[in-house]
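**Q** This is what each chain is made of:
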Amino acid sequence: MTFTVHVRVVPRAGVLDPQGQAVEHALHALGFGGASKVRIGRAIEMTVSAANAGDAREQAKKMCDKLLANPVTEDYELEIEG
Amino acid sequence: MTFTVHVRVVPRAGVLDPQGQAVEHALHALGFGGASKVRIGRAIEMTVSAANAGDAREQAKKMCDKLLANPVTEDYELEIEG
Amino acid sequence: MTLRVAVVRFPGSNCDFDSLHSAARAGTDAYFVWHRDTDLKGADAVILPGGFSYGDYLRSGAIARFSPIMPAVQKHAAAGGPVLGICNGFQILCEAGMLPGALVRNGRLSFVSRPVCLQVEQTETAFTNTYEPGALLRMPVAHGDGRFTATPETIRELEANRRVVVRYVASAGPARGEDNPNGSLNDIAGIANAEGNVVGLMPHPDRAADSALGNLDGMGFFTSMLSWEPRAAAGR
Amino acid sequence: MSQTTTSSATTRAEPFGNERPVTLQTVLEHNLNQREYDGIRQILGRNPTLTELGIFSALWSEHCSYKHSKHVLKTFPTTGPQVVQGPGENAGVLRLPDGWAVAFKIESHNHPSAVEPYQGAATGVGGILRDVFTMGARPVAVLNSLRFGPLDTARNRYLFAGVVKGVGDYGNCVGVPTLGGEVDFAPGYSGNPLVNAMCVGLLRESDLTLAAAHGVGNVLLAMGASTGRDGIHGASFASEDLSEKSEARRPQVQVGDPFTEKLLLEATLELIESKLVVAIQDMGAAGLTSSSAEMAARGGVGIELDTSLVPIRESGMTPYEIMLSESQERMLVVAEPGLVAAIQKVCEKWELTAVPIGRVTDDGLFRIRHGKIVVAEIPGQRLIDDCPMYSPESIEGEAVTLRRAGGPTRSPKADLTAALPLLLDTPSIASKRWVYEQYDSTVQAATLLAPGGDAGVLRIADTGFGLAVTVDCNSRLLALDPYEGGKATVAEAARNVACTGARPLGITDCLNFGNPEKPEVFFQFTEACRGISDACRAFETPVTGGNVSFYNESPTGAIDPTPTVGMVGLLERIDDRVPSHFSATGDQILLLGNTRGVLGGSAYWADVLDFVGGQPATVDLKAERALQQFLVAVAKARLVRSAHDCSTGGLAVALTEAAMGGPYADAALGASVDLTGYSSDVTDEGLLYGEDGARVVVSVSPADVDAVATLAASHGVPCRRVGAVGAPAGEIRVTTSNGKYQWSSSALRQTYFGAIPRRMGHVAEDAAEK
Ligand SMILES: Nc1ncnc2c1ncn2[C@@H]1O[C@H](COP(=O)(O)OP(=O)(O)O)[C@@H](O)[C@H]1O
Ligand SMILES: [Mg+2]
Chain H
1 MTFTVHVRVV PRAGVLDPQG QAVEHALHAL GFGGASKVRI GRAIEMTVSA ANAGDAREQA
61 KKMCDKLLAN PVTEDYELEI EG
Chain Y
1 MTFTVHVRVV PRAGVLDPQG QAVEHALHAL GFGGASKVRI GRAIEMTVSA ANAGDAREQA
61 KKMCDKLLAN PVTEDYELEI EG
Chain X
1 MTLRVAVVRF PGSNCDFDSL HSAARAGTDA YFVWHRDTDL KGADAVILPG GFSYGDYLRS
61 GAIARFSPIM PAVQKHAAAG GPVLGICNGF QILCEAGMLP GALVRNGRLS FVSRPVCLQV
121 EQTETAFTNT YEPGALLRMP VAHGDGRFTA TPETIRELEA NRRVVVRYVA SAGPARGEDN
181 PNGSLNDIAG IANAEGNVVG LMPHPDRAAD SALGNLDGMG FFTSMLSWEP RAAAGR
Chain W
1 MSQTTTSSAT TRAEPFGNER PVTLQTVLEH NLNQREYDGI RQILGRNPTL TELGIFSALW
61 SEHCSYKHSK HVLKTFPTTG PQVVQGPGEN AGVLRLPDGW AVAFKIESHN HPSAVEPYQG
121 AATGVGGILR DVFTMGARPV AVLNSLRFGP LDTARNRYLF AGVVKGVGDY GNCVGVPTLG
181 GEVDFAPGYS GNPLVNAMCV GLLRESDLTL AAAHGVGNVL LAMGASTGRD GIHGASFASE
241 DLSEKSEARR PQVQVGDPFT EKLLLEATLE LIESKLVVAI QDMGAAGLTS SSAEMAARGG
301 VGIELDTSLV PIRESGMTPY EIMLSESQER MLVVAEPGLV AAIQKVCEKW ELTAVPIGRV
361 TDDGLFRIRH GKIVVAEIPG QRLIDDCPMY SPESIEGEAV TLRRAGGPTR SPKADLTAAL
421 PLLLDTPSIA SKRWVYEQYD STVQAATLLA PGGDAGVLRI ADTGFGLAVT VDCNSRLLAL
481 DPYEGGKATV AEAARNVACT GARPLGITDC LNFGNPEKPE VFFQFTEACR GISDACRAFE
541 TPVTGGNVSF YNESPTGAID PTPTVGMVGL LERIDDRVPS HFSATGDQIL LLGNTRGVLG
601 GSAYWADVLD FVGGQPATVD LKAERALQQF LVAVAKARLV RSAHDCSTGG LAVALTEAAM
661 GGPYADAALG ASVDLTGYSS DVTDEGLLYG EDGARVVVSV SPADVDAVAT LAASHGVPCR
721 RVGAVGAPAG EIRVTTSNGK YQWSSSALRQ TYFGAIPRRM GHVAEDAAEK
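The listed protein sequences derive, respectively, from chains H, Y, X and W.
1 is the number of the first residue of the first sequence in this note's numbering; add one for each residue after it.
1 is the number of the first residue of the second sequence in this note's numbering; add one for each residue after it.
1 is the number of the first residue of the third sequence in this note's numbering; add one for each residue after it.
1 is the number of the first residue of the fourth sequence in this note's numbering; add one for each residue after it.
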């Protein structure tokens, strides 16, 4: 079976995010005053073949810990689509 | 009311994604043979103050169309958390 | 009276002086316009210089294109006024929709700084009319997001109407491997709008327009502004 | 002048909130020892608050106080007619023609880069840029000196790739060309990479701004980025061995924002130009603490800060955290009250803020409040001056003596023809194009000689002259003989500068060593400094500043001694510049200097015969000086077409590098060289791969050979015609009394430029080793 995995890698809370800051300013300048706490990271999308959703999540987690996220500065979240 | 908005901006299907290719290759080399169709884009996370979830989505959509995604090369998806 | 050239300074522009000096050496009256200004102070031509406007955060040029000065630049271009975008300036023109396509991460995924060889393919523009058709130019590139990409239709349209202004080539013959430093489609290094008054390119003529540096290959981009006579797109 | 006395002042300060009381445990956690703690109590006449302890621990860390090195640094020659500003400021400054001056400085960011290579390297570049533009100088060049473990492990490749990307992304964005650098790979750096960044800036001598606080009642402003919890204790972090402990300290990682840096650069230069500031300094190591305390001490005044006024990025920050934060892209400004509004206007133009956070006082005290509460009050001068100084024991390690005495055991591998491609494929010798292609080397449109040759050369706009810049260090020589190695390092830097036709002016140095409390390490340190001093005296190139980085140790032991030397030289007429590579078939090849064939410490022994050892060549400072002066003279006379010095790999490698052409040459040239003229008691190994100093390969149009020889003779420089430049894609042929050797120049070129890319092909998966 194959699953679509969405990984969201974002700068860890407290870690400076210059990109998020710049985009937040830009949004305000464009009149989107309602936007705040903008953080920018990487979105990774992939297909994972696995026995079941749990196994797919397990694999994805391993990939994040090993490669996709930088443990020094980033946190990540996973989403598995059947 | 404030809502947490997650935006996922990914290279449009058909647009070459060398970064995704490199990461897919790396995942295979690291023994994650089950991963395929890796695409890499941007994850944007922000707080939006709005009257209701629908309005928050509306605002976020405008931000994407205007600034956050490039219509020539990228698609985006929105997620609103209460 | 001499041609007035406005060089727009965005926060993060870092080739602003290089463009200003090149335009001045070409004999124009070149001056800076601040990104927060709203008029071009009587400019005959406009240059969007290289650099990292707003740090190139989000996407190169994505934030700068909303600067207060940009409506004036768009108006100037719509009226047939010459506008040159170099490197980051090219990225801004694409983000602003003044030129088609987009400039994305280099194929090699890393910044590339090296001399490249270019062929001038379209001389009927505001910035290349002093070059011989087919002229070979050597000048530096220095960018991380220089891979020109666009829909197949757009590419076809650009090629069909000879809107590719400069193309990456080898010192002899078509580009092989590294000759195209960023993986741009069709080895495209620079393009023009249909009227030829708006031109954008990734390489740096502003770093090849000074005899003291031993390279004048880029000077034509600045002298061409002086001899440009706008003509209706139909006339092409 | 100083307001403080040496008797223990009576000062008062109260703990902030429910901060923990200071115990011996707390003191040790702050990398201070009992003796230092007693000193603190003596200065205060009481126990310090936690905030005060943090302040002392930062300023009394090795990085800020130089407690193990100051007495050695004092022995450097630091004066000369060209010196405008020697050590003691954020950067050194040397005089140039027509009222111009050059400010330059090198600094290390080793430990942060070991933990997070990309950000560590990026913020290293950011810091050194600020050190230069706070002087009122516009940065015109950056250089970097890097050390890593061998590229055969993924971890080392990951660190290498990350550091290079970090250096590039930061400097590229700010818009300062990288004109040079060096990268070396050796096992000793595996646990402990070195990242040294150098910046060169240009100013009108009359605009020089010093970082001394003056004027009681003047205002202190925090300018630039807001303050977060980044890098708290970076200063003391940089002063301890790397260990699992430092892994646990990871949250300290500082993130660089080159965009804000660029705004800060423009705003700072505008403030200085329009004479709006009394003094300005970056908040570097130990952030607000060191910048404010150093500025106060330099001006002999007191200061009072209110940490509750400092713009913060994270909620609930304590005075302790605010004082010790190493958030990047921040400056501390001293200004007259009447000019604050004008300053804020300039900052606003550059989308920055400048917020008053304190004032200059007359009581000589370093006082920190948070709102009403005084959380720290310390006699300012003593905070800087009374840090205990140490002169550790200094004894040469036995292992070194043995290695120096030894020699290689001849092996069948010793095929002198096969040795050359083998050496060119060694990452330490191979082309670093993979690195400098990621660095913008032409922004500012002033680059005359880009990376890929001996030294980088840039022109100074609207003047006829230019600058040559280089950074060098041969750690293998230093490991075997720190004194000769120290001399050799300065000599190589000077040769590189002189090869371009520029006259060496002065140096900055970054002294990277292991734990100074180990006698054998401190021996390396003192001997290397003695060598650097002697060479600088002989060349009249004073030391204008630099930086010390100790405790470069990992579980695998101390690094090789690595005192990186950054040098600038003056090229009086830019049209006299000399490139490194042969340009025309038929040009005559001349070898300058004496060839004895010394193989001790050579790359040939190390990389071909697997023996790192032997006695390196003794550096003849007189010969080096004569050679430098000749190179400048011959460039002025426009008599040479190229000049390239012989260093690692000896004559064979130097010859090949000159023949193969620059990184973007269309074709490699051949060369035929006849060395039969050299006395046959020099072995072929020695002739080809010996690493004698004071040697340079030049190419000369046939018509000029005699003129060059005459000029050389008049400088007392040995000069011998050894061959001619061959055809494109030709052969490189060397004939000696004992043999003939031949290589395809194109094949060598491929090996030389392919060595590092070949090893770095899988950067994406190496990232798994973070
Ligand atoms: N290796 C050295 N050689 C000469 N001067 C040095 C050396 N190390 C430090 N100094 C001088 O000591 C002063 C303080 O150094 P440092 O703390 O590195 O300054 P910064 O505030 O830029 O970090 C500087 O002026 C520096 O030039
Ligand atoms: Mg400093």
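Note that these hints are calculated values from the structure, not bench results.
Heads up, a few of these hints could be off.
Stated by the list, open to error - With a Cα cut of at most 20 Å, we get these calculated SDA-like pairs of lysine to any residue:
1. 61(Y) to 173(X)
2. 770(W) to 15(W)
3. 165(W) to 79(H)
4. 165(W) to 42(H)
5. 349(W) to 68(X)
6. 165(W) to 672(W)
7. 37(H) to 37(Y)
8. 372(W) to 761(W)
9. 66(Y) to 11(H)
10. 349(W) to 96(X)
11. 770(W) to 31(Y)
12. 41(X) to 2(X)
13. 37(H) to 64(Y)
14. 37(H) to 49(Y)
15. 37(Y) to 13(H)
16. 740(W) to 672(W)
As the list claims (entries may be wrong) - Derived contacts from chain Y toward chain H, CB cut-off under 8 Å, selection only:
17. 9
18. 13
19. 15
20. 42
21. 64
In this text, all values refer to a predicted model and were calculated from it rather than measured experimentally.
Using N, Cα and C, we set each Cβ at its ideal position, and we do this for glycine too.
**Q** The structure should be examined with respect to each hint, and the outcome stated for every one.
**A** The hints, checked one at a time:
Annotation: proposed proximity of residue 61(Y) to residue 173(X) is violated, straight-line Cα distance about 47 Å (limit 20 Å). With a C-alpha separation of about 39 Å, the suggested pairing of residue 770(W) with residue 15(W) is violated against the 20 Å cut-off. Simply put, residue 165(W) and residue 79(H) have alpha-carbon atoms about 30 Å apart, too far for the 20 Å limit, and the pair is violated. Note on residue 165(W) and residue 42(H): the hinted pairing holds, with a Cα-Cα distance of about 18 Å set against a maximum of 20 Å.
Restraint check: the Cα-Cα separation between residue 349(W) and residue 68(X) comes to about 14 Å, which is no more than 20 Å; the hinted pair holds. Proposed proximity of residue 165(W) and residue 672(W) is contradicted: the alpha carbons are some 40 Å apart, above 20 Å. Between residue 37(H) and residue 37(Y) the alpha-carbon distance is near 31 Å, which puts this suggested pair outside the 20 Å criterion. Taking the CA atoms of residue 372(W) and residue 761(W), the gap is about 59 Å. The hint is violated against a cut of 20 Å.
Distance check on the hinted pair: residue 66(Y) and residue 11(H) sit about 24 Å apart at the alpha-carbon level, beyond 20 Å; violated. For the given pair, residue 349(W) sits about 24 Å from residue 96(X) by alpha-carbon distance, which is inconsistent with the 20 Å threshold. Of the pairs offered as hints, the one joining residue 770(W) and residue 31(Y) holds, with about 17 Å between alpha carbons and a cut-off of 20 Å not exceeded. A threshold of 20 Å between alpha carbons decides the hint, and for residue 41(X) with residue 2(X) the separation of about 14 Å falls inside it, so the pair holds.
A threshold of 20 Å between alpha carbons decides the hint, and for residue 37(H) with residue 64(Y) the separation of about 16 Å falls inside it, so the pair holds. For the suggested pair residue 37(H) and residue 49(Y), the alpha carbons sit about 11 Å apart, so the restraint of at most 20 Å is met. Under the criterion of a C-alpha separation no larger than 20 Å, the hint pairing residue 37(Y) with residue 13(H) is inconsistent with the structure, at around 30 Å. For the proposed pair residue 740(W) and residue 672(W), the alpha carbon gap of about 11 Å is at most 20 Å, so the pair holds.
For the restraint placing residue 9(Y) at the interface with chain H, the shortest Cβ-Cβ distance is roughly 7 Å, inside the 8 Å limit, so the hint holds. At about 11 Å, the closest approach between the beta carbon of residue 13(Y) and any beta carbon in chain H exceeds 8 Å, and the interface hint on this residue is violated. This hint is violated: residue 15(Y) has a C-beta 13 Å from the nearest C-beta of chain H, more than the 8 Å allowed. Interface restraint check for residue 42(Y): the shortest CB-CB distance to chain H comes to about 6 Å, inside 8 Å, so the restraint holds.
Annotation: interface hint on residue 64(Y) violated; nearest CB of chain H at approximately 11 Å, more than 8 Å.
The structure does not agree with the numbered hints 1, 2, 3, 6, 7, 8, 9, 10, 15, 18, 19, 21 stated previously, though it agrees with the rest.
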